[in-house]
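As you go down the protein sequences, you meet chains A and B in turn. For the record, in the first sequence the residue sitting at position 163 is 163 according to this note's numbering, with numbers rising by one throughout. For the record, in the second sequence the residue sitting at position 193 is 1193 according to this note's numbering, with numbers rising by one throughout.
Be aware that a few hints might be false.
[Unchecked claim] Derived lysine to aspartate or glutamate pairs resembling EDC-like cross-links, with alpha carbons at most 16 Å apart:
no.: 1; chain 1: A; residue 1: K156; chain 2: A; residue 2: D237
no.: 2; chain 1: A; residue 1: K83; chain 2: B; residue 2: D1248
no.: 3; chain 1: A; residue 1: K55; chain 2: B; residue 2: E1296
no.: 4; chain 1: A; residue 1: K65; chain 2: B; residue 2: D1292
no.: 5; chain 1: A; residue 1: K62; chain 2: B; residue 2: D1248
no.: 6; chain 1: A; residue 1: K78; chain 2: A; residue 2: E106
no.: 7; chain 1: A; residue 1: K83; chain 2: A; residue 2: E106
no.: 8; chain 1: A; residue 1: K78; chain 2: B; residue 2: D1248
no.: 9; chain 1: A; residue 1: K124; chain 2: A; residue 2: D170
no.: 10; chain 1: B; residue 1: K1225; chain 2: A; residue 2: D121
no.: 11; chain 1: B; residue 1: K1132; chain 2: A; residue 2: D237
[Stated by the list, open to error] Listing some non-contacts, in silico: residues in chain A with all C-beta distances to chain B over 10 Å:
no.: 12; residue: K65
no.: 13; residue: F108
no.: 14; residue: G165
The hints are simulated quantities; they were obtained by calculation from the structure and are not laboratory data. In this text, a Cβ means the ideal position worked out from N, Cα and C, and glycines have one as well.
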Amino acid sequence: MSGKDYEEAIEALKKLLHEKGDLKATAAMKVEQITAELQSTSSDGNPFNPVERIKEGFIHFKREKYEKNPALYGELAKGQSPKFMVFACSDSRVCPSHILHFQPGEAFVVRNVANMVPPYDQTKYSGVGAAIEYAVLHLKVEYIFVIGHSACGGIKGLMSFPYDGSSSTDFIEDWVKIGAPAKAKVLSAHRDKPFGDQCTNCEKEAVNVSLGNLLTYPFVRDGLVNKTLGLKGGYYDFINGSFELWGLEFGLSSSFSVKDVATILHWKLY
Amino acid sequence: MASLTPPSTSCNNGSSRTSTIFGLMLKSGEVEQTHLSLPGSFRRSCTFKITYDYHTMQHSGCIIRDKMSPRLSLKASKESPGLTKEIRREKFKTAGDKQNEQELFDELKNRFLSFKRNNYLENLEEYEKLAKGQAPKFMVIACADSRVCPSVILGFQPGEAFMVRNVANLVPPYESGPSETNAALEFAVNSLEVENILVIGHSCCGGIRALMSMQEGSDDSSFIKSWVRVGKNASISTKATASNLSFDQQCRHCEKESVSRSLSNLLTYPWIEERVMRGLLSLHGGYYDFVDCSFEKWTLDYMGSSLKEKAGGGKHATKNHSFWR
Chain A
1 MSGKDYEEAI EALKKLLHEK GDLKATAAMK VEQITAELQS TSSDGNPFNP VERIKEGFIH
61 FKREKYEKNP ALYGELAKGQ SPKFMVFACS DSRVCPSHIL HFQPGEAFVV RNVANMVPPY
121 DQTKYSGVGA AIEYAVLHLK VEYIFVIGHS ACGGIKGLMS FPYDGSSSTD FIEDWVKIGA
181 PAKAKVLSAH RDKPFGDQCT NCEKEAVNVS LGNLLTYPFV RDGLVNKTLG LKGGYYDFIN
241 GSFELWGLEF GLSSSFSVKD VATILHWKLY
Chain B
1001 MASLTPPSTS CNNGSSRTST IFGLMLKSGE VEQTHLSLPG SFRRSCTFKI TYDYHTMQHS
1061 GCIIRDKMSP RLSLKASKES PGLTKEIRRE KFKTAGDKQN EQELFDELKN RFLSFKRNNY
1121 LENLEEYEKL AKGQAPKFMV IACADSRVCP SVILGFQPGE AFMVRNVANL VPPYESGPSE
1181 TNAALEFAVN SLEVENILVI GHSCCGGIRA LMSMQEGSDD SSFIKSWVRV GKNASISTKA
1241 TASNLSFDQQ CRHCEKESVS RSLSNLLTYP WIEERVMRGL LSLHGGYYDF VDCSFEKWTL
1301 DYMGSSLKEK AGGGKHATKN HSFWR
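Looking at chain A on its own, in the form it has when it is part of the complex (with noise of 0.2 Å):
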């Protein structure tokens, strides 16, 4: 509603409250709430503008945050050494920054739909590799971190896919398909189950599948063996808002005699 249409409503207003006086009181009331809408609209009312978005977000950041904490950030520039390398969904509600508060220099992260780690390939997944390569031997950091979450779109994906030669997609199918030990073992033990349910255990299982696949890269392997690295997983339920934690020990044992190492670290936060 622009300016001038409220101008000359109210107008119209104003002449039919002096032509009927008993109206007065309602109309009063209806003039204030038709007012206050308008206040709230005319706020919203401008199209959205993306660049004054992140104008506001940055001038904001550099204020409360960049300003105030100049040893912080003085440091953080020479250098980073974070001690996580976190995979998480590219989905806008699950930044791991949000979820958990990771402040600059503590995370390196990767974001991609659906959190999946693919198994060493440097010709098709060179982009996952180089982060992990990076990571692990030049930042050095301690955790490698998987965190899926719920109403994953990517996995909703996987499940639904037919995988059966057709493709209605260019790179989605191929991409969420690094899940497809996950998905099948969901839909053998969770046959019966209605889709949600199995989305569900398949956002779960696909963390794992990533978890395992980490180990086919060396110098993950390498970390795992000498100590300095750890994996963990994570699943984020922003419907129920809990988060789920678990880990993975790996241990080494002489050829005779096999020691199993089982390690849980495992908290659920209501």
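For chain A, the structure is supplied; the task is to place chain B on it using the hints.
Same frame as chain A, now just chain B:
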């Protein structure tokens, strides 16, 4: 691809079973099982088992869920709901290491609980809406560098920006074939129908530095080099135009150049070009300098680009340059 067969576990010590996972044979000797006490309906017991044979240098892994192994017994808990504690564990790590790990993850736990209390529960209605679906207006492509999370530096809130983070915030062209970045592009543009794509470069980028340090024709088995090659055109053009500058300055030049190249690479995707042409999608470049805390931003000017530029290969014209300091 190897398929998972339901692994079997046994409580008997010394039993020997094999199961196949990811095509690897797993031999289980003693099976150490950790039982967790879980309150109420959240009973779950998970065992992760990895064995590495030092002599054959073979690893094998198996992740077992309780639903697959009904024989695993579950203990009911008398503890109050809340934090689930580890009951028993075998480890090779020293006590000191374990202590640090425990502290580290306790810190993360506290952070999540704080997020839940101060953010999630305070804005429950908003989160309930988001739980039903996301409709971000932005897709952001940023570097994985720990110092440049766009949620932090540009204040994106949950639901606002679909984000891809990779080494050196590179966007490979359409013809390079499937990759993690273009799967995300396809999802953001075709499914979520974002209105803006923002590619953000930054100062002191290790990936760009690696790109600039690469020798022509070098045969290197490093992943990093295989990936940053995507930005090759940016480094070639930087070396051609900025050869008089110091290496550090050249890297800085390349960091911005590579953002421009990535924007042009975005237009090699037919479904992106179509939406840009129809005015439904805008492509923006950004550069975050964390040394002096400034942000530069520009928009790709598709309409204003010459036919030659549109034909592809080079950079496009830009408009709406801003510099915020």
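Evaluation of the provided hints:
| no. | hint | verdict |
| --- | --- | --- |
| 1 | A:K156 x A:D237 | holds (15 Å) |
| 2 | A:K83 x B:D1248 | violated (26 Å) |
| 3 | A:K55 x B:E1296 | holds (10 Å) |
| 4 | A:K65 x B:D1292 | holds (14 Å) |
| 5 | A:K62 x B:D1248 | violated (24 Å) |
| 6 | A:K78 x A:E106 | holds (14 Å) |
| 7 | A:K83 x A:E106 | holds (6 Å) |
| 8 | A:K78 x B:D1248 | holds (13 Å) |
| 9 | A:K124 x A:D170 | holds (15 Å) |
| 10 | B:K1225 x A:D121 | holds (14 Å) |
| 11 | B:K1132 x A:D237 | holds (12 Å) |
| 12 | K65 | violated (7 Å) |
| 13 | F108 | violated (5 Å) |
| 14 | G165 | holds (16 Å) |
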